[in-house]
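2 protein chains.
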Amino acid sequence: MKRKEKLEYADLTHILSPKSVAVIGATENPAKVGHAIMQNYIDVGFQGSVYPINIGAQGKIMGFQAYKSILDVKKPIDLAVIAIPAEFVSATIGQCAKAQVKGIVIVTSGFAEVGNQKLENALNKALSKIKIPTIGPNCLGVMDPRARNDTLFLPTYKIDRPKVGGVSFASQSGSVGSSILDLISAEGFGLSKFISYGNASMVDEVDVLNYLAHDKDTKVILYYLEGVKRGRQFIEAAKTATKLKPVVIIKGGITAQGAGAAHSHTASLAGSHEAYEAVFKQYGFITGDSLEDLLYFGKVFDTQPLTDGNRIAVLTNGGGHGVLATDAIYANGLALAEMSKRSERALRAAMPPIVNIRMPFDMSGEANATSYSKALEVLGDDPGVDAFMVIALFQTPGADENLVTTLIKFSEQKKKPMVVVSTGSAYTKSHTALMEASGVPVYDSPTAAARSLAALINYSRYKNGVEE
Amino acid sequence: MKRKEKLEYADLTHILSPKSVAVIGATENPAKVGHAIMQNYIDVGFQGSVYPINIGAQGKIMGFQAYKSILDVKKPIDLAVIAIPAEFVSATIGQCAKAQVKGIVIVTSGFAEVGNQKLENALNKALSKIKIPTIGPNCLGVMDPRARNDTLFLPTYKIDRPKVGGVSFASQSGSVGSSILDLISAEGFGLSKFISYGNASMVDEVDVLNYLAHDKDTKVILYYLEGVKRGRQFIEAAKTATKLKPVVIIKGGITAQGAGAAHSHTASLAGSHEAYEAVFKQYGFITGDSLEDLLYFGKVFDTQPLTDGNRIAVLTNGGGHGVLATDAIYANGLALAEMSKRSERALRAAMPPIVNIRMPFDMSGEANATSYSKALEVLGDDPGVDAFMVIALFQTPGADENLVTTLIKFSEQKKKPMVVVSTGSAYTKSHTALMEASGVPVYDSPTAAARSLAALINYSRYKNGVEE
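Taken in order, these protein sequences are the chains called R and X.
Each residue of the first sequence is one higher than the one before, counting from 236 in the numbering used here.
Each residue of the second sequence is one higher than the one before, counting from 236 in the numbering used here.
Just chain R, same shape as in the assembly:
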C-alpha cells in the first residue's frame, strides 16, 4: 500500500481493544497455535464475539460457532488473528480485507527470518493492496488487559499475566516480550498494552511508538528494539513521544555480531550502535544496559513523580549499604543531599545518641518504623532534599510490617520521588511484595536503585529543558 496516505501512523485501536475477533486457524487440536489463542480468549474472559475460522470446520470449535472462511461470518469483525502455515497467509490477507476487518495480527512465522524471502515478498505484496493495520508476521501479537484481549499463543500456566496498569511494553522479539511480560507480572506493576510485532511487514516501530505515545492509558513505554527501518520517521516519533512520556529502550544488536544475529532473528537492519546511541540520547530516550533495566526503570517511572533535582537523601539501617549507596549515587551523576540546620536539630532530638546526624543517614540496625517515619517527615520538608533512597534491611530486629506501612504511606503522598532498597530472601521478599503492590519501587541493591533514580532525574531534566 501507499502507507500513511491518510494516517500519520497506523491506528492500532481495533487490534488492541477489538469488540469482535476472528481466529483464523482455530482448532480443537491442543498442539496448535490456533488452539492456544482460542483458549486465551476463553481464559481472559473476552467480552466480545469470537469467530473460529478453519477450512475444515464443521459445527463448533471450542464451544464457538465455527466458519470455513472469514467471509462466511457476515458480521462486523474488528480483529483477525492469523495462525495458519506461512504458505497460506498471503491468500488469507485478501479475504480479511474483503470481510472488512479493522486490524490483523499475523502470528505465523517462517518468513524472512528463516531466509524465506519469497514468502515474505508475497506477503508484502498482499499487504500493499490493503489499508488495514497489520502486525507481524513472526510475532506474539498483542495483549491489552483492559480490553481482555490476548493473542499470545503461549501456555497460560507458563506465563503470568500482568494486572491492568500504566506501563506499555513493545518488543520486536517474542521471547524477550513474553519473558519480560512474565516478570512485569511478578514485579506487581500493571500493564496497559503489550505489542510484539516481529518482522514488521506493515506496522513497524514508528507506528508502535506513535500509537503508544498518544495512548491515554499508557504512562510509560518500555521498548525492546532490534532495528529501525524508517529512520527519519522514527526520529520524528521519538521527539513527540519523549515529550509526552518516558520511553525506556533496550537495543538488541549493539555489537556487529549481535546485529548479525538480529538480522537473522527479525530480519532487522540493526545499523550502527553509535548512530542509535546518539539519536536515543538526543531525543530523550532512557536507554538501559540489560533486560533488568526495563523493569528497574519501568517501575520508578510508573510510580514516582519526576524531579529535576539530584540531591538524594539516603536513609539506612545498615552502614555498608549506606556506603554502597553513596558510591552508586555519585557514580550515576547524583549527589547526597545536605540537611538543613533545622533538619539536623529535629533529627538530633528524635534519634538515639548513637546515631550520627549526617548523610548517608545511618539510623543503625536498631531503627524501626518510627525512626524512618520521623526521618521521612523531617527530610520530606527539607528543601535541600530532592529525592529519597530508603534502605530497609528486614534482617534487622526493628524492620517489620510497620516499616512497610510507613514507606507505603510516604510514597502515597507523592511528595518527592522515593526508591527503596531491600536485599534479602524469603522474609524480605514477603515485605517487598507488599510495597511493590502498593506502588513503591523496591530494588535488590543500591546500584540498581541509584541507576533508576538517575534515569528518572535525567528524563525529567530532558523534558523540562534543564541543562545537565
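Everything labelled a hint here was simulated from the structure, so no lab data went into it.
Some hints could be false.
Remember, identical chains collapse to one label, so a pair may be satisfied in a single copy or spanning two.
To be verified - In silico DSS-like pairs for lysine-lysine, Cα to Cα no more than 30 Å straight-line: (1) Lys295 to Lys393; (2) Lys644 to Lys393; (3) Lys609 to Lys309; (4) Lys464 to Lys474; (5) Lys609 to Lys393.
Assemble chain X onto chain R, guided by the hints.
Just chain X now, with coordinates in the frame of chain R:
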C-alpha cells in the same frame, strides 16, 4: 600486642569451629543481643558445650548452667562471644585471656564507628596484651554451618541460613553480610564460612583473607571490603589467595563521598579507588560492580570448571535472547564459538528445517529437551567450543521439567562450563530453583550470564598465566 610474632596470620579455627562457647551477656531477656546469640546455638543444634555468662546470673539461663564470670566456668573454652555494653568490653578481654579461651568475637558496637575513639583505644590496649585471635568489635561475628556455629544476633526467622557448601563470605559490614547471606541461602548454593569483622581491631582483612585462602573447605571467597589497614601484607595475602582459589571482591567507598561514609561506618581508611583497582587487577581478584555480582560470580565459580578459552556456544529457544547474548558476549571480551563442519552436519540432520545451523544457535520456540540434549552432545564434543550459555525460556511450549533434567545432567559431566539464562516468574522460577539446587548457575539475563562467564575465564587465564 606485637602481632604476628608467631603466626603469619591469625588462626581462626577455634572461632569458626569451637567445641565450647561462652556467651558473655547471655540473658533471658529476648530484647537483648545476648539472648539472640544463645537462641542461635540452640536453634542450629550446636554439638559442643555452651556457657552463658552474666554478671547477675543465678542458676540457669535458657536451660544452660549460667556463670557470673567466665573465670567461674573452670572448663576449657574455645570461643568467647562478647555481647555486653561497650564500656565493659575492655575489662572482659583480660578475663577471657585468664580463662585461656582460644578465640574471641566482640559483637558489641559503640566504638570508633560512632566517634567513641576513647573506648576504641582502651579496647586496643586490652587486645595488645593478649595473643588470642579476636574478631570485632561492631560486627556480626561468624557462621560455620559445618560446625553448627553461629554468633549472628539477627532473628532467625528474618534471615535464611545457607546449607553447607564451598563458598565463604567475608564482610566488613554486618548489613551487607547478613543480607547477602540471606540471598546466598535463596540462591541454593552452600556456605563454608561467614566472617563479619567490623572495626577489625585485631583480626583484619589480611587475617581473614589468609585464613580463607588456606581453608580446605573453602572453594570460592566472596568479599565485601571497605578498607585495608595493612596494605603490604594484604597484597601478599592476595597473591597467595588468588593462586589457590577465586576471590570475588566488592569494594565499598570507591568514590570520595563513599569513602567518607565508609570511615564513619567501620572506621575504615578507604584509600584511593584507583590504587585499589590496580592492586585488585594485578593480583587476580575478581572485582564486581554491585552486590548482585557477588552472587552472580559466586555461583559460577562454585559450580563450573575453569577454562582459558573464550569461545562461547549460545543455545536458545528465543531469538531476541540470542541477539542480547551475542551483544553481551562481545561486550565482555568473549566471542561466539564457530561450529566445526562436523557439528554443522550433525545438527542439520537432527534439527527441523526451520532451524538455522549457526551461532547463536536459535532452535526456535518449538525446541524441547531433546533439541537441547542433541545440541549439547554435539557441541560438547566440538573442540571449537570452550563454554556454553544456554538460554532456556520456560514460557515456550517445549520447555519443561525434562529440559531441567537435561541441563542438570550435562552440568554434572563437568565437561565444559555452562551458564543458563531463564527470564521469568513463577513457572520459570520453579524450574530454575531445581537447577540451582543441582549446581547449575542460572541468570535472569544474558548480560549477567556473560559477565559471570567472563569472570570465570579471566580468572582462569590469570591463574594459568595466559596472556589476554
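Cross-check of the supplied hints:
For the identical chains of this complex, Lys295 and Lys393 are intra-copy neighbours only, at 27 Å inside a copy versus 55 Å across copies, given an alpha-carbon limit of 30 Å. With identical chains, the CA atoms of Lys644 and Lys393 are at most 30 Å apart between copies only, with a shortest distance of 23 Å across copies and 34 Å within one. Taking the shortest alpha-carbon separations for Lys609 and Lys309, neither the intra-copy value of 66 Å nor the inter-copy value of 49 Å comes in at or below 30 Å. Proximity of Lys464 to Lys474 under the C-alpha cut-off of 30 Å is restricted to the intra-copy arrangement: shortest distance 17 Å within a copy versus 53 Å between copies.
In this homomeric assembly, Lys609 and Lys393 come within 30 Å of each other (Cα to Cα) only across copies, at 24 Å, whereas the closest approach inside a single copy is 44 Å.
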